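Throw the hints in and build the complete structure from the sequences for me.
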Amino acid sequence: MDKTAIKIENLTFFYNPEDEGAAPEDVLSGVSLEIRRGSFVAVLGHNGSGKSTLARHLNALLLPKGGTVTVFGMDTKNEDLTLEIRRRVGMVFQNPDNQIVSNVVEEDVAFAPENLGVPSPEIRARVDEALRMVGMYEFRDHAPHLLSGGQKQRVAIAGVLAMRPECVVFDEPTAMLDPRGRRDVMDIIDKLRQKYGTTVILITHHMEEAARADRVVVMSDGRIVMDGAPKEVFVRVEELDKLGLAVPGTVRLLYTLRQNGVDVPLSALSVDECAQVLAKHFKA
Amino acid sequence: MLRDITLGQYFPGNTVVHRLDPRTKILLVVLYIAALFTANSWASYGVVVVFLAAAMAISKIKLRVMLKGMKPLIFVIVLTAGLNLFYTRGEVLAQWWIFTVTREGIRSAVFMAGRIILLVMGTFMLTYTTSPIMLTYGLELLLSPLKKLKVPVHELAMMMSMALRLIPTLIEETDKIMSAQKARGAQFDTGNLLEKARAMLPILIPLFLSSFRRADELATAMEARCYHGGEGRTRLRVLRFELRDFAALGLGLSVLAAVIVIKRFSL
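As you go down the protein sequences, you meet chains P and Z in turn. Start counting the first sequence at 1; every next residue gets the next number (the numbering used here). Start counting the second sequence at 1001; every next residue gets the next number (the numbering used here).
Source of the hints: derived by calculation from the structure; they are not laboratory data. Here the structure is a predicted model, which means the values were calculated and not measured. Mixed in with the good hints there might be a few duds.
[What the hints assert, rightly or not] Each pair of labels, with its calculated beta carbon distance range:
| hint | chain 1 | residue 1 | chain 2 | residue 2 | range |
| --- | --- | --- | --- | --- | --- |
| 1 | Z | 1215 | P | 179 | 28 to 38 Å |
| 2 | Z | 1209 | P | 271 | 39 to 49 Å |
| 3 | P | 2 | Z | 1159 | 34 to 44 Å |
| 4 | Z | 1063 | P | 176 | 38 to 48 Å |
| 5 | P | 179 | Z | 1179 | 19 to 29 Å |
| 6 | Z | 1209 | P | 176 | 11 to 21 Å |
[Unchecked claim] To give an idea of the chain P side of the interface with chain Z (calculated C-beta under 10 Å), a few residues:
| hint | residue |
| --- | --- |
| 7 | 113 |
| 8 | 117 |
| 9 | 162 |
| 10 | 166 |
Cβ coordinates follow ideal geometry from the N, Cα and C atoms, glycine included.
Given below as structure tokens:
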């Protein structure tokens, strides 16, 4: 089986200017990226870096103005394949209120399989499985607007999982949530990867979230400016600062210590690792 | 404050009335309305009231909730009753200036007001016990013969269910905007009607803007979840008429029949 989930080649995109004759401004200019099946890629960038626009190319919500996007071997420009692409690449958005279509939790989760023409008993099985996966099964006959933000987002994720996607794109899924909701969403991502080996693409501007990925792609002005393992990317503190991205607290601490002449390595990302490094250093 | 609006709201439950096929319930409401408009005597109204009361008791919908939902209609009810009270010819009971109260007037005022109240309560029963999705699904199925005439039945049903879905969200949003405006010194409950209307503008404009943004995002999310119109769509729940549906429809028909019989023989 082909190991590549998504292949983006020289992707260029611009929104058509409102007044005719004005020169369009590129939102994405020449982005190339290959994402392996089963990997967890975080895409970082501040507002306007083009990261959400990039995300919307992955399930044919937007089509390239230049270059190609190939998803599981399917060109997104081929309209006959649009539905199949959207089934295999699910997408979770920022605002849970704006993606829930029904007044009952389980009917909302059933929306996508209903659209796909899945037979009813199978829809029931998928809905139950997806709701259990996100820990919202007990709320299946509740009204979504009475749930908390984090719970709503979990319902929205279940609605995507009911399609049985091979890849899920999370477009800033935690931006509107409290710390607890944020943690729940991140835990679901971990569970998803363990249980189904789903390819996950997480668009975010939280460094702590990106640090959990196995690859970090940093975007700025419609281009990819950094690409590598979190440990490789986050040690480039000065560059990230210039892009207006805050490095994780752990790296910031180690960086400041180094600036002041304390010889500690920068690459301890998690709190535990960081504590160990510090303990080791100060004991010596 | 806006949270008390119960119009068009669904109260989840698991009673027989809740479990009835939405098509059955829609047809029952049609039968009920037909009976209500045929009824013209205490006896026939009594039959209709008993039917409604039974439905309310079984579905555990409280009278208080219904009356609360009817508050915005008080004006219409009072106006109708008033017009009937003073403008019906017949045996004069009292007279003052241009107002004449007749025996027939009192009777017709009571019946007309009762008719409106019962009409509204009957339709409330439908929306209180049927989830909007089921309601629109039922309507879609009942209207599906119209598809042959190129009526976009699925699209209409979808629009309706979206509208119902957005009611609580928009109410929440209005509350938020009002609080924000109040925090900056806006006053909504003072001044005359014109001033009050003007005070609403700073609420309506942000509400409209955010609604458009919301609609746009919702449409994108629906597309991302493979929505492509009604073609080839299946359902989580397949609607099938059960024994209880036939029983309920039979009951509805007999209520209508009873009312017609009472009228025919003026019992």
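Hints versus structure:
Between residue 1215 (chain Z) and residue 179 (chain P) the beta carbons are some 30 Å apart, a value that agrees with the proposed interval 28 to 38 Å. Judged by the Cβ atoms, the range 39 to 49 Å given for residue 1209 (chain Z) and residue 271 (chain P) holds: they are separated by roughly 42 Å. For residue 2 (chain P) and residue 1159 (chain Z), the Cβ-Cβ distance of about 41 Å falls inside the hinted range of 34 to 44 Å, so the restraint holds. Distance hint check: the CB atoms of residue 1063 (chain Z) and residue 176 (chain P) are about 40 Å apart, consistent with the given range 38 to 48 Å.
About 24 Å separates the C-beta atoms of residue 179 (chain P) and residue 1179 (chain Z), a value consistent with the hinted range of 19 to 29 Å. About 18 Å separates the C-beta atoms of residue 1209 (chain Z) and residue 176 (chain P), a value consistent with the hinted range of 11 to 21 Å. Satisfaction of the interface hint for residue 113 (chain P) is found here, the shortest Cβ-Cβ separation to chain Z being roughly 8 Å, below the 10 Å cut-off. Restraint check, residue 117 (chain P) versus chain Z: the minimum CB separation of about 4 Å is within 10 Å; hint holds.
For residue 162 (chain P), the interface hint holds, the least distance from its beta-carbon to any beta-carbon of chain Z being 9 Å, beneath 10 Å. At a threshold of 10 Å, the smallest CB-CB gap from residue 166 (chain P) to chain Z is about 14 Å, leaving the interface hint violated.
In terms of the numbered hints stated before, the structure departs from hint 10 and from no other.
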